[in-house]
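Chains as they are written, first to last, in my numbering: chain A, 1 to 357; chain B, 1 to 57.
Don't take every hint at face value.
Pairs of lysine to aspartate or glutamate, DMTMM-like flavour, derived with a Cα cap of 20 Å [stated by the list, open to error]:
#1 B:K57 <-> A:D58
#2 B:K57 <-> A:E261
#3 A:K199 <-> A:D58
#4 B:K46 <-> A:E85
#5 B:K46 <-> B:E36
#6 A:K350 <-> A:D58
#7 A:K350 <-> A:E55
#8 B:K57 <-> A:E157
#9 B:K46 <-> B:D32
#10 B:K57 <-> A:D243
Treat the hints as calculated values from the structure; they're not laboratory data.
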Amino acid sequence: MKRLPLSVALLVFFVYLALSVSIRQAILFLVGIGMGAALAGARFGFTTGWRQLIEQRDPRGVAGQLVLLALASMLCLTLLAQFSELTAALGPPSISLLIGAFVFGLTMQIADGCGSGTLYKAGLGIPLNMGILPLFALGSFLGSVHVADWLKLGQLEPIGLVTLFGGAKALLITLAGLLVAGLLVRAWVGPGRTWWDRKWLVGAVALAVLATLNLVIAGQPWGVVYGFGLWAAKVVNAAGLFDPTANAFWSQAGNAQRLTESVLLDITSITNVGILGGALWISAKATTSTQSLTTQQWIVGLAAGFLMGYSSRLAFGCNIGAMLSGISTGSVHGWIWVPLALMGTAIGLKVRRHYQF
Amino acid sequence: MTKVSKPKLSVAFWTVLLLFLVWDTVVSAPIDLRNEPPLIAAGSGKASVGGHCAIAK
Numbered sequence: 001m002k003r004l005p006l007s008v009a010l011l012v013f014f015v016y017l018a019l020s021v022s023i024r025q026a027i028l029f030l031v032g033i034g035m036g037a038a039l040a041g042a043r044f045g046f047t048t049g050w051r052q053l054i055e056q057r058d059p060r061g062v063a064g065q066l067v068l069l070a071l072a073s074m075l076c077l078t079l080l081a082q083f084s085e086l087t088a089a090l091g092p093p094s095i096s097l098l099i100g101a102f103v104f105g106l107t108m109q110i111a112d113g114c115g116s117g118t119l120y121k122a123g124l125g126i127p128l129n130m131g132i133l134p135l136f137a138l139g140s141f142l143g144s145v146h147v148a149d150w151l152k153l154g155q156l157e158p159i160g161l162v163t164l165f166g167g168a169k170a171l172l173i174t175l176a177g178l179l180v181a182g183l184l185v186r187a188w189v190g191p192g193r194t195w196w197d198r199k200w201l202v203g204a205v206a207l208a209v210l211a212t213l214n215l216v217i218a219g220q221p222w223g224v225v226y227g228f229g230l231w232a233a234k235v236v237n238a239a240g241l242f243d244p245t246a247n248a249f250w251s252q253a254g255n256a257q258r259l260t261e262s263v264l265l266d267i268t269s270i271t272n273v274g275i276l277g278g279a280l281w282i283s284a285k286a287t288t289s290t291q292s293l294t295t296q297q298w299i300v301g302l303a304a305g306f307l308m309g310y311s312s313r314l315a316f317g318c319n320i321g322a323m324l325s326g327i328s329t330g331s332v333h334g335w336i337w338v339p340l341a342l343m344g345t346a347i348g349l350k351v352r353r354h355y356q357f
Numbered sequence: 001m002t003k004v005s006k007p008k009l010s011v012a013f014w015t016v017l018l019l020f021l022v023w024d025t026v027v028s029a030p031i032d033l034r035n036e037p038p039l040i041a042a043g044s045g046k047a048s049v050g051g052h053c054a055i056a057k
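Please put together the full structure from these sequences, using the hints given.
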């Protein structure tokens, strides 16, 4: 599709949202388009960055991600300390988080895309990611259905650095943590490596600004997975296959209400649709080459996508909801998520090679 | 190799997504425009009540 008719279609949907849903949702749709354009335009793939770090000892992608985390933390933690209306992405440190993050890191390498990666690659028209998206949604829904049982294995209350230490100290702790992460990466890759790449840095700056806009406008950090789970929940509920009143997660007042409302009112749903639209807009001029997959690769990839959705709920977010939003809003669960997902990625890369992706 | 037509799959993907959004709009409770959330949450005095993947409940 060419960009002009695509731009008109996106504009029409924006106007529809502004007139028929709310101005806020229309603006969040634009933020989502920006996120999709930044992710797809810069090919800002969290999965790829981790893979390049481990397999090639190439730090450029992870350096871009560290810049994104540092910029987003500076903006979001400052805002959280100033405005009581804004909420952090606080997930509970738990056994569920440990297992979920590990499985997510493993499966995202097989599926070649994390939460945001699946969205923008689906928007770009990459067949496997388009196929994965509905299964990711189904997995995310089932994860939410079971998450209360997983939490019974052991959990702490969510820990927020801003609440504990205030904005300034939370920012210092976060930046110190990112510096340590950078030093660990430096120790892994060794000397003489190229660290900075314009593409990754432009993506990092754009995504940090857009993630902050999401927080300021919506009052909550950027998330991906909740919207996916809600979409599947609505379909399963409408089919009469699920009783939300009998489930610990979906019987909660807010979740139960969202099941009856249009998904266009849901914050993560509207930015997800925007990300797909923004990536589609980029795809109108970009060329994406994809290799044909064998039947076995399709089956393995789709299964990984389903598990990725399930595990992202156990982990209280994906690379966006847990890592980016968790760390940049001072949630300790984001810091736990990263090393577990990295361990999973190390295994996932072996599985990926085994199936010759 | 399993050959998947990229344009056809793209059309199917976007068609399903659009149909889902239309279906959802039809079956969901009508949107109350008088209960519109603040344009910008920061400084509005209203706490965010949206769903997020980090929240356990």
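Exercise for review: Tell me, in ascending order, the numbers of any earlier hints that this structure violates.
Suggested key: The structure breaks only hint 1.
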